[in-house]
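Trainee: Sequence:
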Amino acid sequence: MTRKLARLCGAASLVLTAALAAAPALAADAQAQPQPVPYPAPIPTPRDTPYVGPLTLDVDATDQAHAIYAVHETVPVAGPGDVILLFPKWLPGTHSPTGSIDKLAGLKIYAGGQRLEWRRDPVDDYAFHVTAPAGAKALDVRFQFLGATSARDGHLQVSPQMVEIEWNDVALYPAGYFTRDIPVETSVTLPQGFQFATALETDHTDGATVHFKTTSFNTLVDSPLMAGLYFKRYDLDPGGPARVTLNVMADHPGDLAATDEEIQAHKNLVSQAYKLYGSHHYDHYDFLFWLSDRIGGQGLEHHQSSEDGTGTNYFTDWAHSAPERDLLAHEYTHSWNGKFRRPADLWTPNFDVPMRNSLLWVYEGQTQYWGYVLAARSGLISREQAIDAIAATAAVYDHQVGRDWKALQDTTNDPITTERRPLSWRSYERSEDYYSEGQLIWLDADTLIRKLSDGKRSLDDFARTFFGVHNGSFITDPYTFDDVVAALNKVQPYDWAHFLRERLDGHGPGAPLDGLARGGYRLVYTDAPTPYFKDAEARRHIVDDTFSLGLAVSTETPGQVASVLWDGPAFKAGLTDGDKIVAINGEAYSAETLAKAIKAKAPVTLMLENRKEVRSVTIPYTDGPRYPHLEKIGSGPASLDAILAPRG
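The working numbering numbers the first residue of the sequence shown as 322 and each following residue consecutively.
Incorrect hints may have been included.
[As the list claims (entries may be wrong)] Below, in silico cross-link-like pairs of lysine-lysine (PhoX-like), each with a Cα-Cα straight-line distance of 25 Å or less:
{"id": "1", "residue 1": "Lys920", "residue 2": "Lys901"}
{"id": "2", "residue 1": "Lys953", "residue 2": "Lys855"}
{"id": "3", "residue 1": "Lys855", "residue 2": "Lys901"}
{"id": "4", "residue 1": "Lys596", "residue 2": "Lys772"}
{"id": "5", "residue 1": "Lys553", "residue 2": "Lys588"}
[Claimed, not checked] Pair ranges (Cβ atoms, derived):
{"id": "6", "residue 1": "Asp725", "residue 2": "Pro670", "range": "58 to 68 Å"}
{"id": "7", "residue 1": "Thr470", "residue 2": "Pro941", "range": "38 to 48 Å"}
{"id": "8", "residue 1": "Glu582", "residue 2": "Asp369", "range": "21 to 31 Å"}
The hints are simulated quantities; they were obtained by calculation from the structure and are not laboratory data. Where is the CB? At the ideal position from N, CA and C, for every residue including glycine.
Build the full structure now, drawing on both the sequences and the hints.
Mentor: Below, the structure is given as structure tokens:
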């Protein structure tokens, strides 16, 4: 050992000796690593057993000025002890935990006249704990639902002319039970002079207060109420197997003016649906249909009704309202697809058990397909309008560059992960594409069945096989992926599992457009929009140049960029949806100036303003206007035309 090494070893020995001597002191002073605090007991798992007695629910909806509903509820209890009351969180139709717990206020609970303190569950903020005292037979619950008073606060439900009540907003229910096992007696007090519609059955009225027959909490939440000052009813199926009513409410009496031909198209919707599905799963069905610029638009399915809200010009400007007229066909189809037959992993025993959305491409995607098909077959839209709508859908999804990283299957998680919030880069982030790309997949399947069977069978046969079972039954019939595949194979043998998984899990390139080619059409672009495309622009309040410059611009705030196509010309030039176009090629912005610049087939220079900063960018786009169309292939009959034709 060298003298230097010996010195080093000696020094190390001294350091080690000192460390060992200090070890007990260090151990005494050492800080322990944190450990998790144990979670409280979980909310009881729902059990399929009758609840102790009927809840009573009384709602006062007369405070229109403040959009406030006053709620009085009694909840029977079996004895003393902890009671957990739940506010509905996971809502059918939204497929997500979107219950409006933020709008519940003023909660007070009593028993025998004594006020009881409640506490919110520290893990589940939709759950409220309260201790029922000895001798208590019921809890007396009072609170308010503070409805939105402006669009920034959420969906508008109250105006001077209308009131919309979704019962999940105004009711608490006991934990630990299937909601189908909880009976409830409900009443509502409406503004004077209002007429109402709901799938609930009326027991009696007492002035402005309506009392409904006892039903289950599950059915209550699935049966919203709509009331209005200006109201009209149409029987859509006189003498049919079950009453189907179109209940129309409007901001103004004149908005209710519908022609006989327009109402006949809605009657045709019912008859064409019966011819498609060969069944019904309700003893009555109510369209709750409002035409309003004051109540928020809506499309929400229920088993025996639907909430359908659109603009005031639905009837009065029939020539231009086609982009709104698949709505009723879509929501009506949900009575079969989504309410009667429902994905097994989406069905839950109550409204606070999480949903799983893996089959929304059937629940929503096939409904989107049948919505347009039934709208065309019934005359709600013309064959040409349906063709133009499909062209627009095909073009959007053929430009959906987010497919490269995100498969369609993953978009079924979007209701939960994004909760339908606006997205800055929709074409890249992909938002709920299971709807309209799902529509293209089912067109693909329909045309393939027709080809393989030499025109003897079609997706109509699947609809009757899959949704037509148990005619007249209201009991939900869950299904799995394997059930869908089995039903397709029953109609037409094929490797449908591979067919579906390839489209659900694949990354393109491009949208699944084989159904167009088999249907006798191809997607092309021309320099003029279709009438349907122009009407859709007006409905969405945009100038849509997505397929040329790669952007859309608001018409409500002229010049405001509404969307930018990921990796399109505008994107590459640095535009975002926060920009406002001030000038185009040196001229002040207008929709006409923008159209002129694109038609010039020369680079477009924009003056932009964003957050008080001004900049100039040039988009080197020179191909002129591009709008989607479907072009017929060949001269023979096209199966897409046959799909859209009414059934005799």
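Trainee: Tell me the hint numbers this structure goes against, listed in increasing order.
Mentor: 6, 8
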